[in-house]
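> The listed protein sequences correspond, in order, to chains A and B.
All residue numbers for the first sequence refer to this note's numbering, where the first residue is 1 and numbers rise by one.
All residue numbers for the second sequence refer to this note's numbering, where the first residue is 1 and numbers rise by one.
You can trust all of the hints, since none of them are fake.
Note that the list lumps identical chains together, so a pair holds whenever it fits in one copy or between two copies.
Mimicking DSS-like on lysine-lysine, the simulated pairs with C-alpha atoms at most 25 Å apart in a straight line are:
1. Lys247 <-> Lys282
2. Lys78 <-> Lys187
3. Lys327 <-> Lys119
4. Lys91 <-> Lys312
5. Lys250 <-> Lys136
6. Lys282 <-> Lys250
7. Lys250 <-> Lys269
8. Lys2 <-> Lys312
9. Lys275 <-> Lys247
10. Lys247 <-> Lys269
11. Lys268 <-> Lys247
12. Lys261 <-> Lys247
In short, the hints are calculated from the structure, not lab data.
Since the structure is predicted, the reported quantities are computational estimates derived from the model, not experimental observations.
Number of protein chains: 2
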Amino acid sequence: MKKRLAIDAMGGDFAPQSVVEAVKMGLEQFPDIQFTLFGDETKIRPYFPEENHNLIIVHTTEKIDSGETDPVRAIRQKKTSSMVMAANAVKDGTVDAMISAGNTGALLASGIFVVGRIKQIERPGLMSTLPTLDGKGFDMLDLGANAENTARHLHNYAVIGSFYAEEVRGIKKPRVGLLNNGSEVGKGAPLQKEAYELIAADKNLNFIGNVEARDLLSGVADVVVADGFTGNAVLKSIEGTAENLMKQLKMSINTGGIRSKIGAVLMKKSLYHLKDALDYEKAGGAVLFGLKAPVVKSHGSSNADAILATIKQTRKMLETEVVTSLKTHYREENQ
Amino acid sequence: MKKRLAIDAMGGDFAPQSVVEAVKMGLEQFPDIQFTLFGDETKIRPYFPEENHNLIIVHTTEKIDSGETDPVRAIRQKKTSSMVMAANAVKDGTVDAMISAGNTGALLASGIFVVGRIKQIERPGLMSTLPTLDGKGFDMLDLGANAENTARHLHNYAVIGSFYAEEVRGIKKPRVGLLNNGSEVGKGAPLQKEAYELIAADKNLNFIGNVEARDLLSGVADVVVADGFTGNAVLKSIEGTAENLMKQLKMSINTGGIRSKIGAVLMKKSLYHLKDALDYEKAGGAVLFGLKAPVVKSHGSSNADAILATIKQTRKMLETEVVTSLKTHYREENQ
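From just these sequences and the hints, can you work out the full model?
This is the structure in structure tokens:
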């Protein structure tokens with residue numbers, strides 16, 4: 001069966017070009033995907049001079065701005081925007097999943113209010129696969145879909161993160177860690193202490209206990225669970241530090257004289273390797289996880305390659321039917 | 001007047017050697033400091049073959065272990081340990097400040113229960129000066145003295161962080177930022193929203209609003225305020241990312257063949273520069289700030305240079321009388 005993917009063609013800094021180019025590549029590489037592009041047809045059509053039975057273009061004129069600060073109001077008022085139309089297609093079942101590089105808040109709101117959440121998951125979380133030194137990576141959530149979470153939400157994240165790591169990334173019995181301010185038992189605020197108890201009591205999980213932010217990139221766990229406020233701060237700290245160090249390195253090469261510059265040329269491959277290792281967008285976008293269908297956010301600054309990576313990732317989510325597994329798990333648990 | 005500094009000679013991975021060597025350098029560089037070393041005299045005395053009127057050694061035999069997990073109990077049971085003895089000397093007024101590279105939890109407990117806090121500051125915070133791209137750095141607190149904080153604590157941190165940045169680091173009207181999950185007004189959990197109001201209403205502060213973790217190392221603010229749980233996670237994320245990137249760089253040099261290796265040799269200065277920029281211990285230790293006197297934590301893995309940097313920093317705190325300013329500020333505010 002075809003995997004039917006809705007794409008918000010108007011979201012992201014380089015839309016629609018980067019999005020459309022990614023879809024063009026996707027059409028070639030994945031004949032099992034049927035793409036439905038939501039966006040300005042006059043801008044999109046020229047990229048596809050030939051008819052393709054795996055491509056549908058739905059013309060939209062409205063667009064949710066990336067600077068929009070009241071996302072819930074935005075999705076209510078802009079019902080015919082490319083993003084909301086794509087979410088509606090997921091809700092109606094005419095497509096199986098959606099991807100957008102647009103306004104994060106509006107995509108979260110579209111996911112929760114239009115696509116809808118799995119009943120037992122009160123607060124879907126934003127999850128990304130971040131890079132580790134050994135190249136395996138780890139899944140972390142919530143990265144900021146919520147400003148506040150309860151211990152029950154954190155237990156949900158442990159469960160759904162494990163499903164993702166096992167089914168989509170193929171890791172047997174993924175090691176689940178709880179982000180805390182120390183690795184010993186009993187650490188943290190009441191939220192972490194309570195979450196620890198709930199996660200430890202769940203025999204389906206391979207819980208390894210508390211983990212510290214310092215050890216995340218060394219691969220201390222396959223799934224890392226945090227409340228949305230802390231998860232967001234950690235993600236941005238990692239990104240900011242990596243960006244700054246690359247800038248520092250460039251600066252010290254530029255001010256380091258001719259020896260440094262020749263050295264940098266000789267080291268080009270190694271430095272490129274380093275930059276590459278930091279590029280967590282290769283692993284795809286951030287999944288708003290816990291919804292009835294995959295809703296995946298590609299970074300706002302995504303180029304075509306980054307969006308293609310998100311397409312691959314979403315395809316894998318559909319292929320492995322991870323969301324169906326989640327639904328079955330929660331349905332059975334409630335019986 | 002002499003600045004009287006108590007030093008826990010037995011704290012840290014390389015104690016007493018690294019501590020004693022730092023004090024030796026300190027005695028030469030700062031004739032205005034009188035050092036009181038608390039520790040095993042049989043191990044310390046050999047480093048000081050000559051009499052020095054600026055050096056007092058107080059012999060202790062007990063020591064609080066770095067692995068001690070119940071710090072409050074430890075300081076109650078080990079009343080004659082080098083750390084608790086040093087804290088008692090601060091309390092009694094026989095010295096003006098103390099430094100330790102020992103168990104962080106025990107030092108926090110010694111600070112709060114032995115030295116004592118400034119009455120109006122309910123929860124002293126752990127503060128460090130972290131590096132920025134421009135070399136100026138920023139002060140951040142709480143880095144984890146507390147697992148939970150109220151908005152009032154965060155306001156305290158804004159006030160005391162400003163005092164430190166202005167008086168000790170010489171920054172006029174330091175820009176205070178509140179760590180949040182977005183830079184717009186109204187962001188965050190109830191804690192951040194309430195703290196925002198309190199800090200914004202304080203006309204003595206140069207509050208620049210919410211700041212994101214991504215922008216900290218670019219120097220977005222001179223003082224960054226966070227609750228202890230988040231502050232701890234951010235600090236450890238920055239440290240972990242920096243350490244990992246340096247490892248990745250080394251790995252890709254080692255596997256990058258001869259070109260890469262020659263390149264690395266030529267770039268040695270630049271790479272050293274990068275490593276140096278990351279070394280926030282140059283700025284000194286972490287101050288447990290909000291106490292009646294300076295109590296400063298040097299990193300457990302501190303070598304003599306790192307401890308000397310902490311000595312310099314503590315000397316500056318005494319010279320500028322920043323703690324006295326804080327006491328006066330809070331006394332006047334309460335009149």
